[in-house]
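Peer 1: Got two chains here, each in a separate frame; can you build the complex from them with the hints?
Each chain, letter by letter, is given below.
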Amino acid sequence: MPALLIHLINYGTLTISLALFICALLWVIRPGGVPLLVRISPREQGLRRARKLLATGDWQAAFAAGGQLRNAKRPDPHFDSRIQNFEGDCLYRAAELSLQGRRYAEALELMRGAGDRLGLPEAEFDKRIAELLLAELRRRIASDPKADEIRRLAQEINRVESAHPEGSFWLALHHLYAGRMDSAREALHDAIAAARVPDPALYLGTLLLRQDQPNGAVECLRQAEDLAPECPIIWVQLGTALITAGGDANTAVQLLEKATGPNGLVKFAKTPNAIWSALGPRSWLAALARRAPIGCPLGLERIEESLALARRSLAAALELCDRSTDAATIYYQSYSAGDHTLEVRKGLGLSLSRSSLHDDALPHLQAAFEQENPPSPALMGHLALSLARSRAIKPADHMRHMQHALSVLTTVDARGDMEWARVAREVVLEAKKADVDLTPAHRLALARAFAATDAHDAVALETYDHLANDENTLPMEIAVAYVRAATENNARVGNDEKLFDRAFRERELLKRLFAEHKWNFARAERQYLERWVQRHPGRYPDAPGPLYGAIAERTLIDEVRRCVADDRPDDGRAVLDLAFRLGPTRALTLDLLAEQADRRGDHADVAQYLDTWTKHHPHDARPLVRRALIERRDGKAAEALEHLTDACVMAAGPQRAKLLAMTARIALAAQNYEVAEELFGQSRSLTPQASEPITGLAALAWQRRDFDKLASLAPLFNRGGTTETVRSLLAAASFALAGDDIRAAEEITIARSDPALAAEAAYLRAVILNWQDKDDEACITLDLTTFDAGPMREMVHALRGQLAWKAGNFTDALLFWSELSPERRAAWGLNRHNAAAAFRYGMAELAADRPAEAVEWLGQARANGFHHERLALVEATARQRAGQPAVQGTEQTRQLEAVLPPDSRSANTSAWIARMYRRDGDFESARRVLADVTTPTWHVAMQSGLLALHEGRLDDAERDFITAKEQAPDTIAIEYNLAFTHLTQGRHEEAAADFERAAELHPNPEAQRVLTLLAALCPRTVRRDILAAMTPVDDQRVIKRIQQIGRIDTVLTLLQSLAQARPQSGVVLQALTEAYVLWTRNLIDRGEPEVALAAATKWPAAPARPLGNLLGVAAGVTGNRDQALQYFQSSLPTAEDDARIQQNLAIATTRSGDSGRAKHHWKRFLVGQPAHCPAPAGDANYLFRVGEVVRQRLDDCMTETPR
Amino acid sequence: MIREDAGPFLILGIDKDASDANVEAQYELRKSASHRGELKWSADDIEWARDQLLNADRRVVADADSWNTDIASGDVLRLIRLYRMENTSAGWEPLDPEPPAELPTTSIDMDALVAELPLPDAPLELPAIARWLERCGAVGLDPWSPDVFGN
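Each protein sequence line maps, in turn, to chains G and E. Residue numbers for the first sequence follow the numbering used here, beginning at 1 and rising by one. Residue numbers for the second sequence follow the numbering used here, beginning at 1 and rising by one.
It should be emphasised that the hints constitute simulated quantities derived from the structure, not laboratory data. Among the clues, some could well be false.
Claimed, not checked - Chain E stretches covered by chain G per the calculated footprint, using a threshold of three residues with CB under 8 Å from any CB of chain G:
(1) 66-80
(2) 109-119
To be verified - A few chain E residues that don't get close to chain G, going by computed Cβ distances all over 10 Å:
(3) Asp17
(4) Glu24
(5) Ala25
(6) Glu28
(7) Lys31
(8) Ser32
(9) His35
(10) Ala43
(11) Asp44
(12) Glu47
(13) Trp48
(14) Thr106
To be verified - A few chain G residues facing chain E, derived, Cβ under 10 Å:
(15) Tyr92
(16) Val459
(17) Ala661
(18) Arg705
(19) Phe810
(20) Leu954
(21) Asn1144
(22) Ser1152
(23) Ser1155
Here a beta-carbon is modelled for each residue, glycine too, at the ideal position from N, C-alpha and C.
For reference, chain E alone in the conformation it holds in the complex (with noise of 0.2 Å):
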């Protein structure tokens, strides 16, 4: 096969809305592939379709000559998330059972613990003095108010 008639995003693994992150990440795993002889694909052929997707222009033209594996329903990737492909790890559920923890049992000087706390303020902020100095600060002072002056 011709690296160019697969083109970068096959060669990758990836799909067309991968960020330059995926594609940096799918490399890594593509080469680790490659070299346990998981993939047909050489490292190098690896090493250029990063670069070619790494660069914007590139990527673009890139993308204009490289093949769709999904068609536009996206039903293709509807069925690698249904059938958990996405990630290495094995998509069943396994059972976890909690083990049986054996706790100590915990003793705690409560009196020690409030007495360390400072005896809390009796809250203040009565409304009518912050009124007060609010509506003072408000009163007569229109520019053209004519008792501005107070007379």
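Here chain G stands alone, though its shape is the one from the complex (with noise of 0.2 Å):
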């Protein structure tokens, strides 16, 4: 076993090793592998040779041979990628011989193609180049900045790297030196996209600062110094820049302060390129100027010329600041500096002259004079001021030295210079002071150069004044200066007057040379007219020409509408004040003066004001106008028309037409046609053209249908004219009645074009065809129209009514009327044939057998007013038919009776008036129809007894009633009717049979209940065994029934029987205590309290309130008094009061002498007598009077003694 062992684990080593000896050898003889065993190929062999030669730095032909070595037929992946790398690498070589040789152009070109080689990125070859082209370019400016080849390095960086920076900043350079002005201005625009650095901001302010374009250079400059804000170039060019451009002066002082100081531009005196340092760590011009010293094309590396210019420009700066005598010094620092130029002088002249140092400044001021040309007008002036009030000379010489400041302030044309108008009129003064005459030309210029500065100060005002003392042929421009200031402060001078006349002679100029600057003109006039009115109150100027009144006042008055529009009434008032105080008389004035006053309800002033216009104008008709006009809105139309009709004889002309235009307008509001259509005639003759005229004449004419009048306007209606269509209305109706039917056509056509008006031309149309008879056209029209509901449709109804009517149509007539309204139909004179119709119609419907609808039209007939003798006879006729109960109306009746005479009715229907005759209340007339009757039939009989029974007499009823009964025994209306006569007369048994005849004859169960009860009720022996079975239901109704009677015994009688029967029914027993309360009524009435007295002892109860009231006045009529209190008393109510008992107590207590108690009940009687007594309609102080009664006697009581 272990043999075997070990057996195995030698053959297991063995077998190991050899696996492990083929692994290696197929390791090294892989392709790529030790090449022990492989062959070297020719294609490697070439690229060995290719590398030595590019060794030998022959790299054209290494590239050329590695070129060589691929076979295009069988690419091999993995040697051609060796021999582009193999390519770059040749590439990259030639690159780097040619920026050896400065072709930087051509490295880049080669270095980009190795790179593609390689797989190096683009950019890192371009960003070498481009520092590389740098690098050159700063070398050549620092040595040759006027060598083209910057410009060409300059072009080669921004075809590596477009627009760059710094490249484009030293091209800018270049250009400076070589005073490409414009192109070193693009380079350095270029060049200010490095946001970080100052240096071409600094170069581009200062190149824009020189080429006067100082807003762009504060710009610039402002953003050089944020990039380096101690930078002492950049302060002078920055202060320079904004004094230049008006800028803030205090700033420019403290920068040009600081750059003149010690820390500024003094300190780099001696080591003038250490300047660029302070452009900062950013600056290209500080980098470069550490490696070498370099120049600047504009010279502000020159401590000393900056120097100057920082002076200068802040002598200038604090001369902007007010600081004069400060400005002066600097000035005077740069002159003892040795800078004599003209900016100096002129400068340090002026600033003497500014601090009043006149003195000192004369000399520099004569000697800028000598050198600038022309002078400018702030060193004329000056100088003149210099001269003026020079103290250094004799005194002979001050005169002369006036004359000459004189002559050099006038000799400039100096229009517009502020600051020399302000020195001029300091010499101006001067020249005053010391007593010298300004001659005329000096007058003149000074005027016209104070003018031209719109000076208008007291100096000013002066001189316009000298000028107008001596000038024959003043200036419209001093006039117009002299205007302006005058307006402006509300000053004034001696030529005032002369002045203002001068200026507003030519007013047109004035007003637009004032427009021009934007002056107000308006306020101007109102001096000229405010001063003018002081010194000649009561008219307008005359300088300004004949016609200036007008235009004055016109303008006046504007302004004050203006002013009222405005809301602003002071002013107008102010103004029309002052129209009225030029022009006292003037129409317009007082015309809105009148208007003013109307608006303020002072019709006295209105008067006033309109009488004075009458009186200086009398062949104005305006002011009878506004007084007619006044008058009409007043009411008073009569007055009106007079005035103006009193203006129209006034005026003439169009005027005059349009005058009795509006005449005829007032007319017609009036409502005064017949003068309206005159005064419309006599406006149409005098402007046969006008419109308004001829319609209102046609209109007038059409409303009062006069239509011969109307045909003969139809010549005067011309075609066109006018766009009124209601002409073309009038025209077409004009024309029509004319019988012009072609141009009627036409002008409804021309009406109908206009929507507003569209229907009525149609029913226009519609009307003519009517005339013309061509109703069937008519009827289209009318047809083919849509009408909207109102006035138009139911005219249209009233037409189409109309049409059919003349058609015999006349249901169609009758249907069209219906739609109108009552009023409509009255005012068109309808109701009569609208009757007509509706009674045509009723016949047709009575012949037709349909009653009921003729009752209907035939009522609609009469209510129409329609008149017919038989149209009651018809209708009674219509009625009967329709079982509807005769016609009430005593007129009718009549009418009946007249066409039914008695000889030719029957019985029955006298029987039949007489019933609508009395139940009209006309008894006589019914009793006058019944005594005609030969042969009473049993109707004629009732009649007779309703009559009876209607007049009171019972007797006579019951005769008729019986006599009808016997002609007619069952008859329910006889018996029942007889029943209650019986009963009313007392005559219970009788009234028993008949109610119970009445009950057998009565078709409705209810009432034969009734009338069963109250024949059981009725006789002396009651029927109990009928009225014990009377429900609560029985005993209202029979109450219901003997309330009617109206016969208190008789009603007392049956209660009291109905009482026993019923002793336990409420609403009998409240019958039964009624009915006392009535009887006992009754007996005060008839006189026999006495009898009520007596019956009271034997009634059970206490009795009710209002019989106990009524047997107190019984027992107070008989006398017994005390009695008559007792009851007063329990009636009183529990709560509040009874004044009409109180009265009934204290008459009983007066009368029994205690007039205690009377005061007492009298007192509580007036208390309630108002609301409780009654008085008689009419009288309203009734009650009032029946107290005073009362109370007068409760005064003498209470000043009697009491018995």
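Peer 2: Here is the structure:
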């Protein structure tokens, strides 16, 4: 076993060793492995040769050899990539050689080729090339800034990296050196893209400043200062730019003081090249200056020049800050430093002059005056001022100096120079102080210059005034300036009027000049007028010409109206007052005064102003018109027309025509149509082409249906001329009436084109066709038109009804007219026709056996006022056939009686007529008709009985009912009426029999029951068996019938019987109590109070309040006052009071002599009297007077000694 | 009975709010009733009562001295009306059948009736014309209108 194991181990070791050997061999002989067993290929050998060539420096031969190793037919990617890398190495080597030869573009191209082959980023090569180019560029700028190579290098940089800021900056410097300012500016604009470097901003700002673009310069230099806040060069340039641009002078002073201070430019006086370091660490110039000294094409590094510039700028800035003395000091520093330029001498002179150091200023100003060409107005002014104020001269020469000063002052055209104007005024004052007269030429020149500078102070005014004294031909511009100054300051001088007159002589020019300067011309003109009127009240200025009064008045009036419209009433009043003072009799002014007076309701003033107007302008119609319109407004139409008529007489031509038309309108408004027509006629004769008069004439003729007149107007209607379509309506009617159908149709067409008038035009067309008897066409026209609800539709219905009537179609006419309102039918006179049509229709319905419809139409005919002798008869016939009761009304009954005379009518017809009379309350006629009956029927007897019953003749009624009963024994109406008549008569037994009979005949069970109960109740021996079965409903029904009897004795008897039969019934007992009240009152009324008092003792219960009061009265009347007091006292209500009972108590106690109690009751009576006691209608003081009687008695009682 | 104790209102049988016309009418009725013996009051008493009431001054004195037959609530008057005792005629409603009238047949010449009527005129109140006249009468009539003179 161990041997086997050893054997196996040996065998395994051998196997593993063999396997490892094979693997190593395979690794060695693999492609690319250890080339021990591989032969070097020819291409590999070629590559090795090429590398050797490159190593010798012949990159071109190496590159070519490498390229030949590629086999296009059998490409080997692995080997090809090696070839590509090798080519990259060749090109890179070539680029290095080009850079060494400063062939940057070639180097860049070669490097980009190498990069492509080696897989390196292109930007890396660009950056490297740019850096190399910049380095070269900087070197050139430092050594030879004007070399053309700089431009080429800059172009190369821009080709590598477009818009390279530093490259552009160096190029800009090169351009500046070459004097190509525009190219430099462009390059600096490109360079300024480097936002964190101050150099481009400094140079661009400086360049712009020198090219007179101070605003742009300030912008750039501010940017530069932000980036390099400690750079004196920037301070100088920015300070100068600020002054030049009119910027913040204080800031400029601060900057320039720093620049000229010890830490400014002076610090670099000995090391000018070091000044670039002040531009900061990012500055390209500073970086370059650290390696080599550099110049500046703008001379910024020249410290002395910059310092001189800084001083001049500082002095100017100080002047701007009104620090003339400080400015003079600075200028003097410059001057002392040898800067004798015009700028310094002029500045020094001006500063000294402004500092009132005129003696010091004079030589500098004179020197500057000699150098400056032409001299500036400020220089001239200050020179003149220094001359005028110089004290260093002999007094004898002062006058000459003054003359010289004035000459100097006026030799220059200084118009518009404000400083000159200010200085000139001081010179003038000096001249005045020295009593030096200004020559006319001086004054004119001064005045013109003042005018041009809008000078309007006291000196200017005085100058203008002087000029006005001397000048016969005062220049307009002086006058304008004076007016402006005088208005602005509200000041005036001696020649104020002359100057104003001169200015306003050319008012339009003056107005234009004011407008150009945006001055207030209206205010100036008002000043003129105000000043004028103070000197010449009552008239407008003459100088501006004869028409000026009217122009100025119109202007003032317009201004007043503007003030009113702008809600500035006080201003308006002031202007109107001015107008009135200028022209107290002028029409426009008086007109407006009258208007304002009218608006504030001051009628007296209105009349006064209009009277004044009329007085001073007797031929002016306008005041009359105003007056008339006021009167018309106030409802005085007659006066208005009178005044307007007068105005028309005064007016002429078109104005008269218009006034006539206006008067006509007022007449129209006053509904004075005749006058309106007359006036329209006159107006038309004056202006035949005017539309309004002819339209007015036609409209008036139409409204009063004067068709002859309307037809006569046809020739006056011209074609066209107006857009008023209503005129076409009238023209159409006019032409139609004149027989010109074609023109009528044309005008209708025009009118129909107006949507607002289309319906009316169609209607008029239908009317015209109706006039022409073309009724079918008229109907078609109406049918084809839509008429809105309202007046027009009613007119159409009326016309359609008329057309139907005309065609004999009365039913349609009736239907159309029934659509109209009653008012319209009456207004258009259609009631008769409508009623006749209704009557005809009703007759037709009756003939067609439709009596109910006939009744309706006939009633409508009657209601619409249709009169026909047989209308009542026809209507009665229709009603009778329709089963309706006969018509009511005495007039109709009389008509019936008339058409049914006694000899032709039956007895029943007479009874029918008599019944109608009776029911209308005409008993006399009823009696007469019945009396004419010769052979009465039961109806006649019945009507006679009913008539007697109504007249209270119970016996006659009974007789007639009995007669009727004899003729018609089983008639319910007769039995019923007879029963109640007997009951009323107190004939109870007969009544009971009649009730029984009536109950048998009555068809209604309920009525039968009541009649049966009454029959049981009536007899002296009451039918208790029947009454015992009564129900509460029966109680109420029977009581209701009893209450209707109207005879208290009968009522009381029946209710007593009923109470005996129905002792438990509350309603019965209540009715009995009520009957006692009425019975008692009836007894008192008949003068039998003692009967009531006697009966009352038998009544079981205490009387109710009304009954107790009545019994009290009964006792009082009979003299039983204690009993009366008892009854009255018991009748008083438990709550509140009863004034009537209090009065009864007062009367009773008074008559008993108990005045104490009487007073008490009278007082309580007075308290409740107004509410409780009745008074006759129409006598409002009745109760008061009764109360007065009582109060008088009470007063008397108070004064009397009690009995 | 003494008439002064009763007073003129009771003698004439009228309320205190009776008008002069009522007084006169009631005077006539009472006189007749007295004549027929239906009243206890004499004609002189009735005459006296009338005189009292037709004189305004005497009436107010009489009112102050006269009894009230009704109370403040007017119950008595209400009952008089309920029981239909205001009039002399019966209070009950009689049956009143309409007699059967014999009415003749009526013939009317309708054409003649229509022919009597003239043909109605067509309405001519064109609103536009009335409006124009109204507007014309109102336009430009402000007294202070600037165009009042047609300027």
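Peer 1: Can you give the numbers of the hints that this structure goes against, from lowest to highest?
Peer 2: Of the numbered hints given earlier, those the structure breaks are 3, 14, 15, 16, 22, 23, listed in rising order.
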